[in-house]
Each structure stands twice: as structure tokens, then as C-alpha cells.
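A.B. asks: Chain by chain, the residues run as shown.
Number of protein chains: 2
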Amino acid sequence: MQLRIPGPTPCPPETLQALSKQMINHRGDEFDKLLNSITTRLKQVFQTTEDVFLLTCSGTGGLEAAIVNTLSPGDNVLSVSNGVFGDRFAEIAQSYGAEVSRLDFEWGKPVEPEAVTKALKADKGIKAVLVTHNETSTGVTNNLREISARVKEFDKVLLVDAISSLSSIDLPVDSWHCDVVVTGSQKGWMIPPGLAMVSVSENAWQAYSQAKMPRFYLDFGKAKNYFEKGQTPWTPSISICYALDVALDLILSEGLANVFARHAKVAQTAREGVKSLELSLFPQEDCASNTVTAVNASDKINVSKLVQILRDEYDVVIAGGQAKLSGKIFRIGHLGLVYENDAKLVLEALSKALPKATSS
Amino acid sequence: MQLRIPGPTPCPPETLQALSKQMINHRGDEFDKLLNSITTRLKQVFQTTEDVFLLTCSGTGGLEAAIVNTLSPGDNVLSVSNGVFGDRFAEIAQSYGAEVSRLDFEWGKPVEPEAVTKALKADKGIKAVLVTHNETSTGVTNNLREISARVKEFDKVLLVDAISSLSSIDLPVDSWHCDVVVTGSQKGWMIPPGLAMVSVSENAWQAYSQAKMPRFYLDFGKAKNYFEKGQTPWTPSISICYALDVALDLILSEGLANVFARHAKVAQTAREGVKSLELSLFPQEDCASNTVTAVNASDKINVSKLVQILRDEYDVVIAGGQAKLSGKIFRIGHLGLVYENDAKLVLEALSKALPKATSS
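Chains as they are written, first to last, in the working numbering: chain E, 1 to 360; chain F, 1001 to 1360.
Hints are supplied without guarantee of correctness; some may be wrong.
Stated by the list, open to error - Dumping the calculated DSSO-like pairs for lysine-lysine here, alpha-carbon to alpha-carbon at most 30 angstroms: (1) F:1344 to F:1265; (2) E:324 to F:1033; (3) E:328 to E:275; (4) E:43 to F:1021; (5) F:1324 to E:212; (6) F:1212 to E:21; (7) E:229 to F:1305; (8) F:1222 to E:127; (9) F:1021 to F:1222.
Hints were generated in silico from the structure; no laboratory data involved.
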């Protein structure tokens, strides 16, 4: 089967096999070594020398952690959103009592850095900015480097959803001055869901020291205290850690630059292939993502039928649209364990399935 | 290796193998079927017809879910505690702004139901009661049936930490009128950590409708809405679900009554064996747990040395004491995949290791 949704992604045999290892004591030496070895290499992929923690939760749990560890109820937060996941980030902040100002962009268009500058100029009371690096719902990669430069001009805390980008698309956490960056195991990491990985900068720790949102399970301070003992505060998802251990070797032995280049190349093949089928990309092409390609479905294409035919007749699993894009676009995931040939197989299946899902 | 800590517990080959299955779409038909099949059988083990949800987190995350979904900041809560995990449950409630009244019992002694009645009589403003069914830190199983009867006389919300009991020790959720019951995958379920399973009663849903503690990732309402679509709100730990699917078959084909009886028998072997080594049980024997045996270490026994010798020389992993019991007790876990012979192997290793860890 070609599982080509934007996560969970297919796992290579090496990580699948690692999952089957027997349990160990999560408060013993063996786990201590595993946790330290994983964390050291995670920092290489995050391109950071700051703290990186493993949290046993999905990416959404990681986003919640970013918020509750750096903010207090009533804090003014700027939500910069151009899709479902940007909106979710804002919704989490609201749930915990933040005052959220919205800076929304048309879905399929990128976040405009200049608008971020304007918003920060207009409202001096903003404490933190929420940004989605790669908006999985629209297939847009935002210009995080430039957005961060604007946010840091105003010395705000920058919280980044990099769930579907980090490890697949370049995101040098330290040189882009990102304060909390969240990713999820089931994306470019080639391992199953169940772990969020988060980086926490010195500046984020300063915010933490004043943050009053309630937290317990996702508390960064507890994560740091236990990490110093070679542990996690609560029993971690050991199997997924085994798989991550192997995946990090795969990623680092391929080399980060090569991994990013492979994703860029596969994405280009996907985009060109889609256009050659006389379909159009949903996002503006200069911000089209290297991990997920969103495609416009004309009025004549029945998206749910297309998804079903691809799955049932061609063993290819793609995703439809979310929220207001439901029925209007479909999405091909190409992150993690993905090569050009995979994109070609998907495109070939798509070319055969399309006529069957198109009304005349 | 004999992994005999009170969780993570050893996994049988069947569940380990299931972990290696390839990923699927968590929003597709196959996961829908898996989730429904798991949930139906989980309800049998919980002995409930009410809602049961899978949360991708550790047991502590499940405890947090119990609190934030049923309470509001300022609510009066009665914490009934006789160990580390009872205290943790209270600490979570406090972190989220509950007013916690403490009803503490000596560690190693059981919760006295009559004292619960007195506390509820004395303070009419209490909304919910937090109870630990099996206190892993002291090896005590509390008389939940009787405690529940007292709590329900006063019509309070009953939140139960059953992390290290449910599936190993009888806990008929409906007939004991427990409102939220939390367990964790790495305990009696014979699968790795990474999932909490929680039951939610009709009464708990009434509390939910008024509960104002902030929540997002662990929101029961979102879990219910998505369950109706055959999904979880956020990407679930699919691999652990695969393993749980297999484990439920193992548990139900053995039969719940047989599983409970096996745990009782192994525990008895452990207790008798410990006493035959001229050691004494830490807990009062009539409340000693069937999933973990806590043993007093005399002043002459060096617990950390004992744990290390058992691990390094006899391939047996046991646990020391926690918090104020550190260095004073050691604990043998016997839950999940455990038979009498396992207990005997641990006891034999213990008999050999003890002299090496005892000063004269």
C-alpha cells in the first residue's frame, strides 16, 4: 500500500522492527542511555543547542505544551494563521485563557511577514506569536525565517508548529531564533504517532518562569528536572523511542541536507505530475510545501469518490480537504520515507482514478 | 530478563509482533473498525456500558483528563490518599485550581471508608472525591467498592486512579458507580506505555457540562465527538492500538475471572516467598496488592545495591521505594504477563542476592 497522507507516514522495516523490542525499566540505566542518545541526535535535527524534550502525546499535545508553558491567562497573543492547524494553535491558546489577536491570511496564500510587523507595531501588548511553519491543511510552507526576523525585532516569544516540517524541511531552530518548536513522530520521522518532540530556548525558559497557565502532564520544568536524571517525568512511550533511535540514525546518516533535498525533489515531481494531469495546485506555487501537495478539485471531481477509488482499486491512500476545504481539494503527503518513484506511482494511480471520479 | 517492576511490564510475543504492523490512515475505515473493536472489548474489561476512550498519553495524562473534564477552578475536592500516586492525583487537581481537602492515611495502611464518610459529612461543599484503587508506591489495594458506596451516599463525583489495577484486579466500574476510571497500557494490559484508557459515566458527563477547567488535548467532549466518526480527535498511537487489539483477545479468551485469580495466586506466592526469606511485607497484609508486593528493607539491606545485583547478576529487574520510602522498601511487580513460575524465579534470585546486599 502507498500510504500518502500527510501523516501517519509509512515506516521503513528498520523502525517497524525496533518497535517490537521488549520493554525495559524507564527509570533504569538502559533507558537513561537511550534518552540521552536520542536527545543528542534530536538536537542535531532541530539544529539547536537548547533543550529538546520528548512528550508522550500527539503533535496537538505538543502545541498545548508550547502554550501552557510560556503564557498566562490574559496574555495577549498574536495568532498568525493561514489554515486549519494555525487556527487550532489559536484555539488552544484561547482555551487556556489567552487573549488572541488574529492575523489571518487567505488559505493557500503564505503568511506575509510585513503584515506581522504591522500587527506587532499596532499592538505593543502582544507577548507571543503563534506560527505554523508548514500548514498541512493547505500545502503551504510559510517563510518562517522572515517571520521570525520580524517577531524578534519586537522581542516577542515565538512558538512554532513545525509538526509536518521539522526533519523534512530546513528549520534551523537556533539561527532562526525560534523559542518553542513542536514536531510529531508520525510525520517526517518515519515512525508511528505517539511522541511529540519540542525544543525550548533560553528565552522560552524566561517566559516559563512567569507563565501561570495551569499544567502538569505537559510541564517543561518537570521534563527538564527528570531529564537531568536520564528520565522522563511520566512513563514514556518506550516503543516509539526505540523506533526514533533507529530513525535518527537513518536521517543523520543520509544527512540533513540530503533529506531536505530529497523532499524538495519528490515534491517537485508531485507538483509537476499534478499539473501534467491538467489539475491545478491549491496553494500559490512559490510557497507550495515540500511535504504535502494540495490539489484543486474542479466541480466535476468527486473528492471522496476519488480517495475511495485510489484506496480500493490502486492501493494508494491520499487525504481529502479539511474544514472549509472538504470536497474542494485533495492532498498527497510526501514526507519521511518517500522517493521519487513513490510520487510517480501515486501520480500514475491518480491518472487512472481521476476519470472514474469525474463527472462529464 | 525478568522485568518485575510495577510497569512497564513484559509484553508477550503476540503484542510485540503486533507493534510492527505498518501504519494506516487514522481517519480511514480500517482504523474505524480497529477503534470500535478495541472499545467494545475495553468496555468488557472495564465492566461498563458507559463511554470508554483511548488517550495518547501516560496514566498521569489520564489522571489529568479525569480532573480537567469534571471540575472547575475553585471546586472543593476530597483527596483520599495513602501513597505517592494518591498525592499526585491531588497535586494535579491543585495545579488546575481546585481547592483540595486532604484525607491522608498512613502509607502501607488502607483507606478507611468510615473516614471518607466523616469527611464528606463534615464538608458539604465537596464536589468530587479522588481515590487510588491500587497504590503502586506502597503495594496497597484500597477497598474501592466500600469507598465508592460511601462517596455515592453523598452523591459526589468519584474519580478513580486504577492505573495499576484495572485488567488485573476486579473493578466492575458500573456496579461500583465509578464516574471516571483511568488505567494505563503499560500495566496489566501486557502492552507498551503510550495509551491511557478512561471510562466516563453519565454522571461524569453531567459534571463535564459544568466543568470550566481549561482543556484541549485531553477534552472528553472532543473524544466523544470523534469517536462517533470512528476516530480520535488527534492522531492516536496506532502501534499501541494494534498491540491493545491483540492483548484484549488474550485477556478475554483467558477470561476476566481467571486473569484476576491468576494475579491473586501469583501475588500470594510472592508474599509467602518474601516472608519465607524472613522479610516482612510493607503493607498491612489484608490490603496487600495483587499486582505489586512492597517489602520492608531492614536497616542492614542496601536497597539500591540489591536492585543492582538482581539486575546485573540475576537478570531480574525490581523497583526500589519512591519518595519517603526510597531506600526503605523494594517492590516486586507481578501484573500482566506473569505466572507463578515468574514469581518463583524472582524469589530465588532474591534469596541469592539478599546476602550480598546485606551488611552484617
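A.B. asks: Between residue 1222 of chain F and residue 127 of chain E, does the CA-CA distance stay at or below 30 angstroms?
C.D. replies: 29 angstroms, holds
A.B. asks: Would the pair residue 1344 of chain F and residue 1265 of chain F pass a check requiring their Cα atoms to be no farther apart than 30 angstroms?
C.D. replies: Satisfied, since the Cα-Cα distance of roughly 12 angstroms is no more than 30 angstroms.
A.B. asks: Keeping to a limit of 30 angstroms between CA atoms, is the pair of residue 328 of chain E and residue 275 of chain E held or broken?
C.D. replies: With Cα atoms ~17 angstroms apart, residue 328 of chain E and residue 275 of chain E stay inside 30 angstroms; holds.
A.B. asks: Just to be careful, I want the Cα atoms of residue 229 of chain E and residue 1305 of chain F compared with a cutoff of 30 angstroms; is the pair within it?
C.D. replies: Roughly 18 angstroms separates the two Cα atoms, so the pair holds.
A.B. asks: Given the hint that residue 43 of chain E pairs with residue 1021 of chain F, does the C-alpha gap stay at or below 30 angstroms?
C.D. replies: Measuring from Cα to Cα gives roughly 29 angstroms; hence the hint holds.
A.B. asks: Within a Cα-Cα threshold of 30 angstroms, do residue 324 of chain E and residue 1033 of chain F meet the stated pairing?
C.D. replies: 27 angstroms, holds
A.B. asks: Given the hint that residue 1324 of chain F pairs with residue 212 of chain E, does the C-alpha gap stay at or below 30 angstroms?
C.D. replies: 29 angstroms, holds
A.B. asks: Is the Cα-Cα distance between residue 1021 of chain F and residue 1222 of chain F 30 angstroms or less?
C.D. replies: The hint holds at about 27 angstroms.
A.B. asks: If you draw a straight line from the CA of residue 1212 of chain F to the CA of residue 21 of chain E, is it 30 angstroms or shorter?
C.D. replies: Between residue 1212 of chain F and residue 21 of chain E the Cα gap is close to 42 angstroms, so the pair fails against 30 angstroms, i.e. violated.
Violated hint: 6 only; the structure is consistent with all others.
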